[in-house]
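K.L.:
Protein sequence lines correspond, in order, to chains V, L, P and B.
Take 1 as the starting number for the first sequence in this note's numbering and just add one per residue.
Take 1 as the starting number for the second sequence in this note's numbering and just add one per residue.
Take 1 as the starting number for the third sequence in this note's numbering and just add one per residue.
Take 1 as the starting number for the fourth sequence in this note's numbering and just add one per residue.
Honestly, the hints are just simulated from the structure, not real lab data.
Careful: at least some of the hints might be erroneous.
Given that identical chains are not distinguished, each listed pair holds provided it fits within a single copy or across any two copies.
With a cut-off of at most 35 Å between alpha-carbon atoms, the simulated DSBU-like pairs for lysine-lysine come out as follows [unchecked claim]:
| id | residue 1 | residue 2 |
| --- | --- | --- |
| 1 | Lys18 | Lys260 |
| 2 | Lys294 | Lys77 |
| 3 | Lys38 | Lys120 |
| 4 | Lys12 | Lys251 |
| 5 | Lys267 | Lys377 |
| 6 | Lys357 | Lys18 |
| 7 | Lys19 | Lys267 |
Please read all numbers here as calculations on a predicted model, not as lab measurements.
Number of protein chains: 4
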Amino acid sequence: MAYFELDTTISKELLAMKKEVGNFARKVMRPAGIELDKLHDPADVIAQGSVLWDVMKDFRKLHLHALSIPKDLGGLKGDVSDPKASAVLYEELGYGDIGLGISIASSNPFRMAASSPDPKLQQLARDYVQDDECNLIGCWAITEPMHGSDWISGTDNDFDDPKAGPELSARLVGDEYVLNGQKAAWVSNGTIATHATVHVNIDPSKGMQGNGLAVVPLDLPGVRKGKPLDKIGQRPLNQGEIFFEEVKIPKSYMVIEDPKQMQGAIKEIFTEANAGMGQALVGVAQAAFDEALKYAKERVQGGIPIFEHKNIKLQLFDMFTKVEAARAYARRMAAYNALNPPGSLHHAIAAKVLSTKAAHGVAREAISIFGGNGLAKEYPIEKIFRDALASTIEDGENNALSLRGANDL
Amino acid sequence: MAYFELDTTISKELLAMKKEVGNFARKVMRPAGIELDKLHDPADVIAQGSVLWDVMKDFRKLHLHALSIPKDLGGLKGDVSDPKASAVLYEELGYGDIGLGISIASSNPFRMAASSPDPKLQQLARDYVQDDECNLIGCWAITEPMHGSDWISGTDNDFDDPKAGPELSARLVGDEYVLNGQKAAWVSNGTIATHATVHVNIDPSKGMQGNGLAVVPLDLPGVRKGKPLDKIGQRPLNQGEIFFEEVKIPKSYMVIEDPKQMQGAIKEIFTEANAGMGQALVGVAQAAFDEALKYAKERVQGGIPIFEHKNIKLQLFDMFTKVEAARAYARRMAAYNALNPPGSLHHAIAAKVLSTKAAHGVAREAISIFGGNGLAKEYPIEKIFRDALASTIEDGENNALSLRGANDL
Amino acid sequence: MAYFELDTTISKELLAMKKEVGNFARKVMRPAGIELDKLHDPADVIAQGSVLWDVMKDFRKLHLHALSIPKDLGGLKGDVSDPKASAVLYEELGYGDIGLGISIASSNPFRMAASSPDPKLQQLARDYVQDDECNLIGCWAITEPMHGSDWISGTDNDFDDPKAGPELSARLVGDEYVLNGQKAAWVSNGTIATHATVHVNIDPSKGMQGNGLAVVPLDLPGVRKGKPLDKIGQRPLNQGEIFFEEVKIPKSYMVIEDPKQMQGAIKEIFTEANAGMGQALVGVAQAAFDEALKYAKERVQGGIPIFEHKNIKLQLFDMFTKVEAARAYARRMAAYNALNPPGSLHHAIAAKVLSTKAAHGVAREAISIFGGNGLAKEYPIEKIFRDALASTIEDGENNALSLRGANDL
Amino acid sequence: MAYFELDTTISKELLAMKKEVGNFARKVMRPAGIELDKLHDPADVIAQGSVLWDVMKDFRKLHLHALSIPKDLGGLKGDVSDPKASAVLYEELGYGDIGLGISIASSNPFRMAASSPDPKLQQLARDYVQDDECNLIGCWAITEPMHGSDWISGTDNDFDDPKAGPELSARLVGDEYVLNGQKAAWVSNGTIATHATVHVNIDPSKGMQGNGLAVVPLDLPGVRKGKPLDKIGQRPLNQGEIFFEEVKIPKSYMVIEDPKQMQGAIKEIFTEANAGMGQALVGVAQAAFDEALKYAKERVQGGIPIFEHKNIKLQLFDMFTKVEAARAYARRMAAYNALNPPGSLHHAIAAKVLSTKAAHGVAREAISIFGGNGLAKEYPIEKIFRDALASTIEDGENNALSLRGANDL
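Here chain V stands alone, though its shape is the one from the complex (with noise of 0.2 Å):
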């Protein structure tokens, strides 16, 4: 039986752009998702032509990213009433492909931007609104090669050590910052973005608790990009280094600066980030199962379908009931937190690594049922079973960010 939505009270509107972005899901990401997820070199990826452009093209068309910028800016901000809106919405891209639903969602500078009083950057913000030709990509440059599990340990409060400080260090001289230092091969859209909201240590004395937040557009003197990552998943996400070597931003440019305010505004992103993840990987758990599904009331062994087989229908029962239970958690905290913002951030975790166990747990018992079939690249499961795997690592391997949700329990 294909899915039917159990949650009856989803508001029309939402329905209707449910519907639009799972056409776009299905019929645009899907298809070049595998295509790119083919492509041997990384570069190939990005380069002038790869059809990665086209969807990105696409997404900026349907003017979902104008969403996360406020009204004022042009942007589309709060026009969304439904509080499981960004579960539902997100649930859709997730499906049609998940490396590419984290690049074409990356919308981090822009949104910083349109938070400052600064009149570029809030032109940065409005001229994102209307860039329906994707001139402007942004990125999320956190992590960093000795600081990646770090940075979640940097919400508690009491976690100082100034051995565990970001490398990547701004100072301030005159009215610029200076930044010197690199960020890891993780960031997601790390050799395509235009603008990065970079994570930053100001004061090194006071490890995590010393940190600031600034936008900065990657064109300036002294930025350097790393070559596109070659890894197991997840493979039409770009993600790369980005090095700065006396880069020069101005004041204005570090949209936060103070330790104290970038405490609560890194729990923020966090929060959304992990929140953002839950529900997408929804999308993935259900990929995963659909295939799972039909492929097992058509194979035949034995003389008849395989879903016939007692211990074929309950792995298939048991992968059902994991995706309705990330499904129904994820939206229940996502509804949560956009009624109650900033949201809950140890929530927000609990739905990332239950949504990403689910969709590696189910894509992997797939593939059980796929037999060898599951192995081949001819066949859609195991691209999803490797998105799905590198899911459970990125924004936070699962055990450090469960290490850091136990600290709100």
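Once you have looked at the hints, place chains L, P and B on chain V.
P.N.:
Okay, now just chains L, P and B, sitting in the frame of chain V:
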């Protein structure tokens, strides 16, 4: 951090009820459950003077049993409009004591009576609403020694294997049905019930497709009770066999006579039973989690609370996530089923399986956190664990239920 | 198919012993264990006339207790040369009843006595060998209320946190040691033992590195016993607190006085304890599997034995694999430790963790296969499950043990 | 701590071989496997000049391939007497590269040829022993597009469903058999093999009970190869379809003509295949564990090696235990099967399932420990993970194998 309600849209009315039932669960059910669990002989649980009777009477004073009876018969059916009401309230009962929760919530025969045009049965429903002294106790007499999981298969339209039909038969003689056979030791309230909803076979040639449903007063000639079942968990819940030997009931007491109608009815009954278990077991899981978290913050080993150990933190966060996922899904499923009667059977089964697994898994981890004290009768956790274990099997072993649920995928 | 011995190189001598112990396990221990488990009050387990005493005396008649005492003291140490002997025999004891197995195999103080030059202690060891009437009963008094898992950390040379040192102290006064403090309720044979090996702290400033080991007759003035522990599983195994108030023992009874020597000794003791548990629990796992397989082949549902359902088959094969893997590893570890004394602690820990998890996991699946009957006291499986659960925590909670084991990786 | 050999009774001769094969695995196979894995097109793996051919030739120089051929044909069969020899050596091959290990160890058709009285086939076996240049390559052609898991069911005497019989048929025409049909893409060495052991159907009416076994030179008219399979893991292992269209072989090349005899043979073949996988995958699991342990001790986060985090320690100890358990069982099973030919099929299946699960599970945890680097192609672990995943399905999906194994319980 104590549990906080993520769903900020719950009606004030329901929140008030939740608080009232929650108090009853914590102050009346919990201590009574612990006391009853310690009784060596299950006959003592139902003996005169047992605290069981206090709990049952106190529950009637909350007047919640009236919620299942229509207003024209004096009941309160429909008075609580929040579609998540059942989920919210069953969670509380499960939190108090799942065995007692099942016992006090068994209103099946009276609800069935209310649905009959027979004035006598209507009066029975009326009496039930007024019965504050717990003189009327219901039970759901379905399970048989040789037919446990077969029953759930019977909700499939094409399952009509005569070999797998019920043992308890009803044959029409004049204007009476005559019942012969037995129900198994797993009937909840089996040895204390005054009235039963009894699943009977009317047409043996059709197996599970030849069944009917009768409301049977258990003081009729020919009815005999077994002795209370001695078991590992949910010991406060009375269970036991009921034997029927030439038991005569008026034809009108066969409230469902038409096997075709019975098909819809049994699906509805199973949907409700599974939904209820899925909701109540969330409370059990929460209880186990609460005990473990408290213990981990208090218990010192190696000079610090064991909560500070990263492995303990990971365990707790995983437990937290399991509880929250089960709750989210149970509530989502509850809302759908309330708004779209008769609801979806396989979603209800998924809730039962998910919540019982969560309760069992969380309680298991809790024992590990309690260490040696987790095994001791002096501490609360081993009882919760035994109760949760029982739930994975009662009302249908989880795998058997899942196999049925898979048929609707 | 019944279990068959894969190791076709076992000596005839050991096979004969296996058969003898196997008979004792099946005909004496198993029924006695079931009987003792049903006793409501753990005090009844050790009461005069309890079948416990018959089991203990019958075991002495097998003269296996002599295996731990050197030949010059009348024992049989070294007589069984097969390096897998302990594994093969402990499996049988575990198969019979793990609680009773632990009780009857506790020869610790007598072995320690045998290692001392003190004539009195040597005589004690001699008496133990001859004691067919079970007048001498040993216990290993290590665990304390505030120091459970700390003890295993104490086998690390660098673990000397004074805060985590033992509560039971021994100070030298003249030619006597004076003991003060208590051992926890988890001491096996705690309330029936006549002699104990007692872990004491001699130098509090060094925490776990300032310890010694004493053989203590428990009829000395100042020794007091708690009441038998009431617990979920292994109920035939007596456990209970021992209190020491100004208990005086001859200096020579401190069989290990030098904390440095104690370091080696405690590692050896833990190696042996973990190895023994790892071996015995294989028997528990096998018992659970045997019951489940037999039931699955006998129990009919839907017209065929449930063994014919593919999901049941999968469960059983997974259980079979778990049992066989645990056995293979326990024997391999046993052989290494026997041939390379004092053996490898972390391999022994791995065996304990693996076998107890296997026993618990297999018993859990067995309950699922038994369905409702799996919860009933009338059937054997719920007891085996409770016993297995207890084993995951006794002699060190599995995670605590694993953390210690990991230090040797 | 580096792995040390628990089995201190291994013969010096075998230890020497282990060392030699171990060196080959580490110095030749491992780097070659990594290089081959990176090739985008599986056709490049087998292209002229590919490092694959160096590996294959180097292996022949070890002369281990001669171990499967009797002495009177120039082979070394029986020369290594230690019953655990196969386990010890396959572990090493798996440690090096499981895909290459399977490729180089495929000697099936030559062993079958050696068992035939036909002088031509005997000469083939002789040539194989002498073939240091790898001119002769074998493959086991059993799996078919519509018959994957059916084959293992065919080892059950009563499985004779005509609907589940093989697609590849052989009919006797004069003194020749004529083959028609195809083998699936999962045939290892499928597109590079010079000779195949081909499972054919002689009597379609008997399904899997009407089969025979032929040795087929793959340069015969009518044989056609598919293109190399593109897949997620074990990419260095060539796999591909073989098509047979009116392929004529001498009657004597049907080395097993009698379906009854075939019954025993196929059971023996599956026993050996499963045993070999069970043994080799221990090496894969060990490789994943070694990488994770090394990384955990080197990688610093928050100022200390991540090995010091208790949750990481627990993960590693659990991984260690899984590896050791799989090894212990694989060796125990190997010894039994070597000493008691033709061995026990269901024990061999258990080894395959246990070891592949261990390898997959350990590699999965290793990725979690590596964090982001676990996903990067630059690090070794994601390849090991993909290889291990493939093993859970190749030579029979684990659940399908387990269902067959359960029939012997």
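K.L.:
Each hint: holds or not?
P.N.:
Checked hints:
1. Taking the closest pair of Cα atoms, Lys18 and Lys260 never come within 35 Å of each other, the shortest separation being 38 Å inside a single copy and 39 Å across copies.
2. Taking the shortest alpha-carbon separations for Lys294 and Lys77, neither the intra-copy value of 38 Å nor the inter-copy value of 42 Å comes in at or below 35 Å.
3. Taking CA atoms no more than 35 Å apart as the test, Lys38 paired with Lys120 passes in neither setting, with 40 Å inside one copy and 46 Å between copies.
4. In this assembly of identical chains, Lys12 and Lys251 lie within 35 Å of each other by CA distance neither inside one copy nor across copies; the values are 45 Å within and 49 Å between.
5. Within a single copy, Lys267 and Lys377 get their C-alpha atoms only as close as 40 Å, which misses the 35 Å cut-off; across copies the closest is 31 Å, which meets it.
6. Taking identical chains as interchangeable, the C-alpha atoms of Lys357 and Lys18 lie at most 35 Å apart whether they share a chain (24 Å) or sit on different chains (32 Å).
7. For the identical chains of this complex, Lys19 and Lys267 are neighbours both inside a copy (32 Å) and across copies (32 Å), given an alpha-carbon limit of 35 Å.
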